[in-house]
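*Asks:* Residue numbers (the numbering used here), protein chains in the order written: chain A, 4 to 260; chain B, 4 to 260; chain C, 4 to 260; chain D, 4 to 260.
One or more of the hints may lead you astray.
Facing chain C, from chain B, some residues (calculated, C-beta under 10 Å) [said to hold, decoys possible]:
no.	residue
1	P127
2	E131
3	M224
4	H230
5	V243
6	A252
Simulated from the structure, these hints should not be mistaken for laboratory data. Ideal placement from N, C-alpha and C gives every residue a C-beta, glycine not left out.
4 protein chains.
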Amino acid sequence: MKKTCLVIGAGAGIGGSVGKKFAAEGYHAALCRRSNIDGLNAMVDDLREAGWSASGHLLNAVEEDALEELVAAVEAIGPIDTVLYNLGAQIGNRSLDETPLKTFELGWRMACFGLFRIAKVLVPLMVERGHGTILVTSATAAMRGNSGQHSHAAAMAGRRLLCQTMNAEYAAQGVHVVHIMVDGAVDAPDTLGKMLGAEKFEALREAKGKDKDGLLLPEKMAETYFHLATQHRSAWSHEVDLRAYSDLAWWNHAVDI
Amino acid sequence: MKKTCLVIGAGAGIGGSVGKKFAAEGYHAALCRRSNIDGLNAMVDDLREAGWSASGHLLNAVEEDALEELVAAVEAIGPIDTVLYNLGAQIGNRSLDETPLKTFELGWRMACFGLFRIAKVLVPLMVERGHGTILVTSATAAMRGNSGQHSHAAAMAGRRLLCQTMNAEYAAQGVHVVHIMVDGAVDAPDTLGKMLGAEKFEALREAKGKDKDGLLLPEKMAETYFHLATQHRSAWSHEVDLRAYSDLAWWNHAVDI
Amino acid sequence: MKKTCLVIGAGAGIGGSVGKKFAAEGYHAALCRRSNIDGLNAMVDDLREAGWSASGHLLNAVEEDALEELVAAVEAIGPIDTVLYNLGAQIGNRSLDETPLKTFELGWRMACFGLFRIAKVLVPLMVERGHGTILVTSATAAMRGNSGQHSHAAAMAGRRLLCQTMNAEYAAQGVHVVHIMVDGAVDAPDTLGKMLGAEKFEALREAKGKDKDGLLLPEKMAETYFHLATQHRSAWSHEVDLRAYSDLAWWNHAVDI
Amino acid sequence: MKKTCLVIGAGAGIGGSVGKKFAAEGYHAALCRRSNIDGLNAMVDDLREAGWSASGHLLNAVEEDALEELVAAVEAIGPIDTVLYNLGAQIGNRSLDETPLKTFELGWRMACFGLFRIAKVLVPLMVERGHGTILVTSATAAMRGNSGQHSHAAAMAGRRLLCQTMNAEYAAQGVHVVHIMVDGAVDAPDTLGKMLGAEKFEALREAKGKDKDGLLLPEKMAETYFHLATQHRSAWSHEVDLRAYSDLAWWNHAVDI
Chain A
4 MKKTCLVIGA GAGIGGSVGK KFAAEGYHAA LCRRSNIDGL NAMVDDLREA
54 GWSASGHLLN AVEEDALEEL VAAVEAIGPI DTVLYNLGAQ IGNRSLDETP
104 LKTFELGWRM ACFGLFRIAK VLVPLMVERG HGTILVTSAT AAMRGNSGQH
154 SHAAAMAGRR LLCQTMNAEY AAQGVHVVHI MVDGAVDAPD TLGKMLGAEK
204 FEALREAKGK DKDGLLLPEK MAETYFHLAT QHRSAWSHEV DLRAYSDLAW
254 WNHAVDI
Chain B
4 MKKTCLVIGA GAGIGGSVGK KFAAEGYHAA LCRRSNIDGL NAMVDDLREA
54 GWSASGHLLN AVEEDALEEL VAAVEAIGPI DTVLYNLGAQ IGNRSLDETP
104 LKTFELGWRM ACFGLFRIAK VLVPLMVERG HGTILVTSAT AAMRGNSGQH
154 SHAAAMAGRR LLCQTMNAEY AAQGVHVVHI MVDGAVDAPD TLGKMLGAEK
204 FEALREAKGK DKDGLLLPEK MAETYFHLAT QHRSAWSHEV DLRAYSDLAW
254 WNHAVDI
Chain C
4 MKKTCLVIGA GAGIGGSVGK KFAAEGYHAA LCRRSNIDGL NAMVDDLREA
54 GWSASGHLLN AVEEDALEEL VAAVEAIGPI DTVLYNLGAQ IGNRSLDETP
104 LKTFELGWRM ACFGLFRIAK VLVPLMVERG HGTILVTSAT AAMRGNSGQH
154 SHAAAMAGRR LLCQTMNAEY AAQGVHVVHI MVDGAVDAPD TLGKMLGAEK
204 FEALREAKGK DKDGLLLPEK MAETYFHLAT QHRSAWSHEV DLRAYSDLAW
254 WNHAVDI
Chain D
4 MKKTCLVIGA GAGIGGSVGK KFAAEGYHAA LCRRSNIDGL NAMVDDLREA
54 GWSASGHLLN AVEEDALEEL VAAVEAIGPI DTVLYNLGAQ IGNRSLDETP
104 LKTFELGWRM ACFGLFRIAK VLVPLMVERG HGTILVTSAT AAMRGNSGQH
154 SHAAAMAGRR LLCQTMNAEY AAQGVHVVHI MVDGAVDAPD TLGKMLGAEK
204 FEALREAKGK DKDGLLLPEK MAETYFHLAT QHRSAWSHEV DLRAYSDLAW
254 WNHAVDI
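Model the full structure from these sequences, guided by the hints.
*Replies:* Next up, the structure:
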């Protein structure tokens, strides 16, 4: 039975690219996203046509039992060796006034509570198997608050320390949690593209992307994600940053993306 | 009309001592706690007998509208100049298994969401008045995850970056948020005392407290809280740590309290 | 015999203001600076005319034995209860090319090695007396590197962790080291004024200072310095930040001052 | 002409293993160490016998012009694509008393100033070529001070922020600096082995190493070093941690190694 890589949040960006990389390396890729069943099926078909193993799963991560049932369903396909928790809570900059209580809570449910729920069901299985990897895509907002980031920063910071807690408690039992801090704009139409809108996103791509490589390219990021999941247990990384060469680190730039 | 200092979480520890200090300095002290109306009344009576101004309020902070109504009630007494958010989410060390989803969520509601709710109603008033101080008692858990700290660290880290976000957005309008990281055991019967149990707490007091000053003394901490609330706006502190001289900083000690 | 506060780097800014504050609170203020004996004498005379105790000392801090002899000379006046290490290594932004080896080394000698030399001679005396305070004025550069900050950031970061080391080793013996991270422009003609030049400095004062309080005011900062030096040993701060209310924290601003 | 990987500090640990990895991947490995010409020659012979390209160089890094001349000599063999700065300043725990001024200075010369000197001569060449990688082996001491770490922590912290400064200034011109924070004991006879002594080192290996993988294995670490040096420029890491799965992160352990 193949090892499975479960991707929670598999759009046309980091999630899809990481799923593809793991599939190409011999894993079964279980791809989950909230909506767009046609897009999801197309991704799965692409992987299968390349001769790789993949399945698609729709998921509303904040629904009761949804994450728990997903893990059960995917474990039935094959043991989850690696999970990528790729859900964010980015809603752009919103002042305190423009952030209703419900929005603040939803951000936490997506970015922080969802990872805890996944850990509750998956970590015991990984401990039993003596091995497992939890890759967590994170953002600048996990490192500092900033104007307009009430919901995002609070949720992502909580998630970062949840990763630290899980490593402190379970790394010695073989569970490797990696907090991957993506500190810049990703060339991802499904996330940044939707947040900015088509026009602004294309302008950004024109200005920084293409042959300039000034946006983070998901297929290149996937190389590092895969490397981290396959590090020898004598030399694990727990916190890693990623940004385009032409970008400044979060402690040198004032605006969050 | 006197300036009011609203203390959310006023037990026989930091909250009570800070309330007393502000009352002694001429503020009206509005003391809130969840239960023990007799203890609350006794605290209020003590302050009044000293000739100071005080009121007592029972509060279930996670109840809908409770924090919002509290702010309205206290504003009716006098404009809230300073609020101390002194609710924690410390439940001792619990493994992933011993941390139900409800517990994780409750920790967040107490430590992180409650501060956001207070900010939603209070910051606009402070901005309108051009001045206000939000003191937030924090803990080691805000700085790092640790074994058994799933709920606590995730909630407190979110709260820390919420403080940073509020400063970034509102400091220039006169709202001063201070994240006070209490990095050690406090000589507080209502919190540490209850968590440890009477016997262990007395043993700790015997070993480190009394004339050894190895536990943080709330009445001494209150001096720094008051100083921070009265800093001139040209020189504000946003993040401050407090620990007993005989303790190590969180980056040098392995166990969280 | 009066307690002495030794100010290393006492110009018309933080150093002078802190010296004055301690003198006003009953300490003997031993003021040191590198040059301008007339300015130094004028500062000392001012304090004496107010009825306080003060002495002036010229000092070239990077000279062999100079710091060591200074401590001996001041101890002869009275035991040093508090020392303010207020020397910086700010030379503005210099590219790698514009930073000769000598400059890089000098920055380290001023900002980092000097503090170590002071600690070598002073900490044993403080340990013997069971009490002493070392206040260290620090800067944004201690927290992060930035373009042009090769010398400054490397020196200040070393100094920050030297403070941490000293606390870890000597706090329990009564030596209180406080790293005060000044995260913004100070209204100080002797340092920022000289770095920017008279014209730019006046423009900055016009834009941010005066009744706008957008520059850190040394006499207001001195209130916090004094508070920190007089905290009860059950509740010490080791790392504190200071900035004007209208400034952003270092993790939100891109330019170092 | 082959790309060269220059290893500064190539003993039987991280340096030697990284050199070997780069040689195996087609680089010329220029191996430098302070002494033991026979050991150095044996390492070079090993690589050559495997059919790879290597050279050996003796180096006293704190000597005037030594690092500068080394770069010139190695550039004559082939352009330096990647340099590994692998010199440390670990001298075990020494109290303030046991740390002479000379020792403190030497630590800085090895750990911080040496990297700056290398950067002064190498970065301009890398900028001209539009590409270059500077890998810096760092330690827990770069992140926090600790009892006995006066020299080590001050030097390593300065080095960390020097790395940040260089990235801020030169990453956009193609120079990739990676600060690799090795947060645990490495199975390296030339460094940890010498510090502990043969007997203690073997006991540690028995307790944590061998099939337990509880010591960092240099040949496994080298996989991550190589991955970092070959990341696509759209997704660079600047700060990465490495520790054995059975170890705690620095924010959870109290003792530095």
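*Asks:* Does each hint hold? Answer for all of them.
*Replies:* Each hint, compared with the structure:
A hinted interface residue such as P127 (chain B) counts as satisfied when its beta carbon comes closer than 10 Å to some beta carbon of chain C; here the least separation is about 18 Å, so the hint is violated. With a cut of 10 Å, the hint placing E131 (chain B) at the interface with chain C is violated, because the nearest CB-to-CB distance is about 16 Å. Contact between M224 (chain B) and chain C, as hinted, is supported at the beta carbon level, the nearest pair being about 5 Å apart and thus within 10 Å. Below 10 Å, beta-carbon pairs count as interface contacts, and H230 (chain B) has one with chain C at about 5 Å; its hint therefore holds.
The criterion of a C-beta within 10 Å of any C-beta in chain C is met by V243 (chain B), whose closest approach is roughly 5 Å, and the hint holds. Below 10 Å, beta-carbon pairs count as interface contacts, and A252 (chain B) has one with chain C at about 6 Å; its hint therefore holds.
Checked against the numbered hints above, the structure breaks hints 1, 2 and satisfies the rest.
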